[in-house]
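S.K.: Sequence:
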Amino acid sequence: MATFYIVATPIGNLSDITLRAIEVLRSVDLILAEDTRTAKKLLSHYQIKTPVASYHQRSRIKKIDYFIFLLEKGKNLALISEAGTPGISDPGTFLIKEITERLGEKVKISPLPGPSALTAILSVADFDVSRFFFLGFFPKKKRKKLFEEVLNFKRPFVFYESPYRILKTLRELDFYWREIYAEKSEPKVVLGRELTKKFETIYRGGLKKVIGEIEKGEIRGEFVVLVSGPYKNKKA
143 MATFYIVATP IGNLSDITLR AIEVLRSVDL ILAEDTRTAK KLLSHYQIKT
193 PVASYHQRSR IKKIDYFIFL LEKGKNLALI SEAGTPGISD PGTFLIKEIT
243 ERLGEKVKIS PLPGPSALTA ILSVADFDVS RFFFLGFFPK KKRKKLFEEV
293 LNFKRPFVFY ESPYRILKTL RELDFYWREI YAEKSEPKVV LGRELTKKFE
343 TIYRGGLKKV IGEIEKGEIR GEFVVLVSGP YKNKKA
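If you're matching positions, the sequence shown starts at 143 in my numbering and goes up one per residue.
Check the hints yourself; a few may be wrong.
[To be verified] Dumping the calculated DSS-like pairs for lysine-lysine here, alpha-carbon to alpha-carbon at most 25 angstroms: (1) K351 with K310; (2) K287 with K350; (3) K296 with K350; (4) K250 with K191; (5) K248 with K204; (6) K351 with K340; (7) K351 with K339; (8) K183 with K205; (9) K250 with K239; (10) K204 with K239; (11) K350 with K283; (12) K217 with K182; (13) K330 with K296; (14) K282 with K310; (15) K217 with K250; (16) K204 with K182; (17) K330 with K351; (18) K310 with K284; (19) K330 with K358; (20) K339 with K358; (21) K351 with K296; (22) K350 with K182; (23) K287 with K310; (24) K217 with K191; (25) K286 with K350; (26) K284 with K350; (27) K330 with K310; (28) K248 with K217; (29) K205 with K217; (30) K330 with K286; (31) K205 with K215; (32) K350 with K310; (33) K205 with K191; (34) K287 with K330; (35) K205 with K250; (36) K310 with K296.
[Said to hold, decoys possible] Here are the computed distance ranges between Cβ atoms for each label pair: (37) G359 with K205: 37 to 47 angstroms; (38) E165 with G359: 34 to 44 angstroms; (39) K205 with G354: 38 to 48 angstroms; (40) N294 with K215: 45 to 55 angstroms.
These aren't lab readings, by the way, just hints derived from the structure by calculation.
From a predicted model like this one, the values you see are computed outputs, not experimental measurements.
Every residue, glycine too, gets a C-beta built ideally from N, C-alpha and C.
Input sequences plus hints: build the corresponding full structure.
M.R.: Here you go:
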């Protein structure tokens, strides 16, 4: 039986890869990578010489057909994203769906857990995150509706954001918060920038405080934002 491995890779620091991930990436017949350039840097660092093929959210169905053909022939494949755990705001889900629908139990799908910006930010929270919502990357459009929805979750929520929109998103969050909730209330925020990398920064505190700190510094790298709940002092 062939195996399709879902392999978590570092989100910045190459030392965060697991020993099992290295072993599997060396042993499979082909590695499917969201970004082959990023993948080759990682593979070269660990002297992994396994062939690499490109697979991302815009890949054509013919490429997926080829990967499924290889699995049918008994080849073992591994999927990695540009960084972190595949399937969490990264390509992967559609391919897994196609494999399970076409091949069923003929292929074993095996997850190799590891780095994720989502779990990293949750691990340093200073408030209860036993239950939370994950939003992925915040959309560019229809943001008002989403803000209104998440602000009524009454639970913590996490989202990813780019350096180009982080201040816009946080300011909008502040605006809609004050529209829905009492002026005196304010969410706690834990915000991670460049997690695990040389210039890793974690901001924490009230939303306005965090916005002020980001405004003062250099805005670069990907951001992951954790916003507290439950919310109190809701307006009548």
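S.K.: Which hints, by number, does the structure contradict?
M.R.: 22
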